[in-house]
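There are 2 protein chains.
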Amino acid sequence: MLTTLNKALDTIHRLAAETVWSEGVTPMKIGDSGEFGFWPKGFSVGATAGNIRYSGRDDMMLIVSDSPASAAALFTTNLCCAAPVVLSRNHLQQSAASMRAIVCNSGNANAATGKQGMADAQAMADAVAEQLSIKPEEVLVASTGVIGQLLPMERVHAGIVALPATLQSNSVLGAVSAIMTTDTFPKFYAVDVALSSGTVRLCGIAKGSGMICPNMATMLGFLATDAAIAPELLQTLLSEANRKSFNAITVDGDTSTNDMVAMLASGAGAEVVAGSKDEALFSAALQSLMILLAKLIVIDGEGATKLVEITVKGAVSNEEAELAARTIANSSLVKTAIHGEDANWGRIIAAAGRSGARFNEDELELWFNEMPILKKGLIADFSEDEAAIILAQPSYSITLSLGNGSGSATLWSCDLSKEYVEINGSYRS
Amino acid sequence: MLTTLNKALDTIHRLAAETVWSEGVTPMKIGDSGEFGFWPKGFSVGATAGNIRYSGRDDMMLIVSDSPASAAALFTTNLCCAAPVVLSRNHLQQSAASMRAIVCNSGNANAATGKQGMADAQAMADAVAEQLSIKPEEVLVASTGVIGQLLPMERVHAGIVALPATLQSNSVLGAVSAIMTTDTFPKFYAVDVALSSGTVRLCGIAKGSGMICPNMATMLGFLATDAAIAPELLQTLLSEANRKSFNAITVDGDTSTNDMVAMLASGAGAEVVAGSKDEALFSAALQSLMILLAKLIVIDGEGATKLVEITVKGAVSNEEAELAARTIANSSLVKTAIHGEDANWGRIIAAAGRSGARFNEDELELWFNEMPILKKGLIADFSEDEAAIILAQPSYSITLSLGNGSGSATLWSCDLSKEYVEINGSYRS
Chain H
1 MLTTLNKALD TIHRLAAETV WSEGVTPMKI GDSGEFGFWP KGFSVGATAG
51 NIRYSGRDDM MLIVSDSPAS AAALFTTNLC CAAPVVLSRN HLQQSAASMR
101 AIVCNSGNAN AATGKQGMAD AQAMADAVAE QLSIKPEEVL VASTGVIGQL
151 LPMERVHAGI VALPATLQSN SVLGAVSAIM TTDTFPKFYA VDVALSSGTV
201 RLCGIAKGSG MICPNMATML GFLATDAAIA PELLQTLLSE ANRKSFNAIT
251 VDGDTSTNDM VAMLASGAGA EVVAGSKDEA LFSAALQSLM ILLAKLIVID
301 GEGATKLVEI TVKGAVSNEE AELAARTIAN SSLVKTAIHG EDANWGRIIA
351 AAGRSGARFN EDELELWFNE MPILKKGLIA DFSEDEAAII LAQPSYSITL
401 SLGNGSGSAT LWSCDLSKEY VEINGSYRS
Chain C
1 MLTTLNKALD TIHRLAAETV WSEGVTPMKI GDSGEFGFWP KGFSVGATAG
51 NIRYSGRDDM MLIVSDSPAS AAALFTTNLC CAAPVVLSRN HLQQSAASMR
101 AIVCNSGNAN AATGKQGMAD AQAMADAVAE QLSIKPEEVL VASTGVIGQL
151 LPMERVHAGI VALPATLQSN SVLGAVSAIM TTDTFPKFYA VDVALSSGTV
201 RLCGIAKGSG MICPNMATML GFLATDAAIA PELLQTLLSE ANRKSFNAIT
251 VDGDTSTNDM VAMLASGAGA EVVAGSKDEA LFSAALQSLM ILLAKLIVID
301 GEGATKLVEI TVKGAVSNEE AELAARTIAN SSLVKTAIHG EDANWGRIIA
351 AAGRSGARFN EDELELWFNE MPILKKGLIA DFSEDEAAII LAQPSYSITL
401 SLGNGSGSAT LWSCDLSKEY VEINGSYRS
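Each protein sequence line maps, in turn, to chains H and C. For what it's worth, the UniProt record's numbering labels the leading residue of the first sequence as 1, then goes sequentially. For what it's worth, the UniProt record's numbering labels the leading residue of the second sequence as 1, then goes sequentially.
Just so you know, the hints here were simulated from the structure itself, not pulled from any lab data. Hints should not be assumed to be uniformly reliable.
These stretches of chain H come out as covered by chain C in the derived footprint (C-beta under 8 Å, 3 or more residues) [what the hints assert, rightly or not]:
{"id": "1", "segment": "105-117"}
{"id": "2", "segment": "305-317"}
{"id": "3", "segment": "332-344"}
{"id": "4", "segment": "377-390"}
{"id": "5", "segment": "410-418"}
Coverage of chain C stretches by chain H, computed from C-beta distances (three or more under 8 Å per stretch; other residues unrestricted) [what the hints assert, rightly or not]:
{"id": "6", "segment": "77-90"}
{"id": "7", "segment": "157-163"}
{"id": "8", "segment": "334-345"}
{"id": "9", "segment": "377-385"}
Backbone N, C-alpha and C define an ideal beta-carbon position, used for all residues, glycine too.
Isolated chain H, as found in the complex:
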């Protein structure tokens, strides 16, 4: 735990230092003794060992809001979505986005498990509701782990019975560690943001490390705030922030059956009113927090050695910019070139060329960080040595201008390494 925590702190500190925080934001000081208790007012978290797949570690987590919280969530768009995803989507609707708890297990995804899987997810919500004396539809359920195996419900139930006694507000570390599967470090962060009527806190924990084994590497994000905010507005802001963060990272282009991002707002703190300046401040803070968590996911994984920010600008529309950026970011050829620290601009423009985004090749311009690589479609007079210095860094940016409009999009991607193949080629066996 110490090693993974140190890796987490090193990485979080590096990313936080690079972040330009928006107005009113104070990032949390973390890492010193006792400084992990930054869960917002009105929430408690717990974790326990359910022995679902792992032994000797916690694999079940519970987040509880003292009172009904405004809730918002986003779920995987994969047609093969897991039972807990179906259940949680239903519960959010049934309870009119007023929720009390999130329960999550790791080690088993409860995906491709048919009717029994749905019954098991329901049983998890029922058990949590019974323990906390709340309604089952006030519970969100999430699972991550292997596909196609039924949950060991006796152990799951015992875990849920044990969870309430572990609830506390002193540290998020237990909860975030319990949802790790192939993650190599826990991912969490928090910021305070000063609104007109007081300061509110936003805290997030996440898991995901697609480079290792995405069957086990569902992307999960759980966020909490003490702000008072209507669920409709919360959903709008969460969706927008998600588009710019978790949906703007790509590890290998695959989408899990279990992906879920959920946010609870306890209302114990200052209010965020739609259309106010407070909304803009809160929204910007949420985006920064979620982008930081998303970058942590890209950085994680034994296969990944680079975090590359890919921006496409000058597109006909933001949608076409994203199309081009995503095609570049997912190209195996581009990703191997990034791994090999090779200034292979030909692969980048070839990926853009097949993306569907419209442009004239003679207008293309390309930069690595600030260094021009292509000008007006032709190779710029750049120094291969200076390019090599940029490409050797653990993180840098690639910017492609299509010269065809004002649409733009930014994604974060990583490299494709031999370790990725090694790990993914031998995972199940």
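Following the hints, put chain C in place on chain H, whose structure we already have.
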């Protein structure tokens, strides 16, 4: 040359033996001494060393039809298309698909080369026309190799001057070897097909080995027949065959700036009339030939160790079946699992689930060869040991039924290996 030729013959013989040939088709016997002279009547081919990038080997090739031939072609859909692609597309139109020659160089793609690149491609056509006393617009030009460098036109011109003296009809080996870049073996095949008014021959040569360095690994296919066929019908049949062959293979999902498939029909042999049974026979033979060439491309490349036939059936439409098959075939997770010989069905259905093809998870059925892996969305009672035997084979099939209609599609893909990363990560440096 001997080693690569042996590899070619071994592979071609294996694939030819697996092929179920359509009515009237006689596959060529190849490989014994002197048995490479199967170019159809009315054509000659030549090759020479232009020293464009390589030394000590031929890197320029010329195919000539004795008289104006019906022509058809397909070009890359990449927006960044190379100068020879633009030129050849124009020439095909200007000459009303009546062509006399195809010239091709390897080592330099003449892509991302701007106005000078267009002038150079034109100069290649002009020089060939001058040598052969034909019109420049009767010449198709193709290039494959590195992107972003101007052609060494003095050497290219000298090569074109030298080519006519090398023209002969005894062997295709020189021509097919001259267009290899990172290919590890030459790709060629020919069949005879008995039509109502006589037997015609179809011969094809191809290059491509996407697993190695697709900057250098443009997919090129050149086909010739002595059939008498109108260019419009030839284009229709070539497009259809291309859809089922070269467009139905995926190595890493990237599309080159220089891809081109061109076919010439000399008219020296029997006629193929639109709507006749001969058309059906000719079309089926062409498809078989091109599928064999396409499979050779998938098999090639140091990174690839598996040839996997991926069929999706039971889709709402053929288009949705192809969408699902392509997403599965291009998934890095599926490809690494294939490499690791891992019966990882979860990755396959997760890829289908994010493809956009519509289905109900409870209706999914999956087979490796004939072995059921999933039945009605749940894991079938299969033997992991028996599955392991299938997955250890160099080629096998994966069939996914969506249970939602009658649309189907078949693609051929390969695995993703550490060698792929090794080679692509270190190519330019």
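Results for each hint:
Counting residues of the segment 105-117 of chain H whose CB falls under 8 Å from any CB of chain C gives 4; the rule of at least 3 is met. Check on the segment 305-317 of chain H: 0 of its residues sit with their Cβ under 8 Å from a Cβ of chain C, so the three-residue criterion for coverage is violated. Here the segment 332-344 of chain H counts 10 residues with a CB under 8 Å from a CB of chain C, which clears the bar of 3, and the coverage holds. With 3 residues bearing a CB less than 8 Å from a CB of chain C, the segment 377-390 of chain H meets the requirement of three and the coverage assertion stands.
Evaluation of the coverage hint for the segment 410-418 of chain H: fulfilled, as 3 residues show C-beta separations to chain C shorter than 8 Å, against a requirement of three. Counting residues of the segment 77-90 of chain C whose beta-carbon sits less than 8 Å from any beta-carbon of chain H gives 5, enough to reach three: the coverage restraint holds. Only residues whose beta carbon comes within less than 8 Å of a beta carbon in chain H count, and the segment 157-163 of chain C has 0; fewer than three means the coverage is violated. Counting residues of the segment 334-345 of chain C whose C-beta lies closer than 8 Å to any C-beta of chain H gives 9; at least three are required, and the coverage claim holds.
For the segment 377-385 of chain C, the proposed coverage by chain H is satisfied: 3 residues have a C-beta within less than 8 Å of a C-beta in that chain, meeting the threshold of three.
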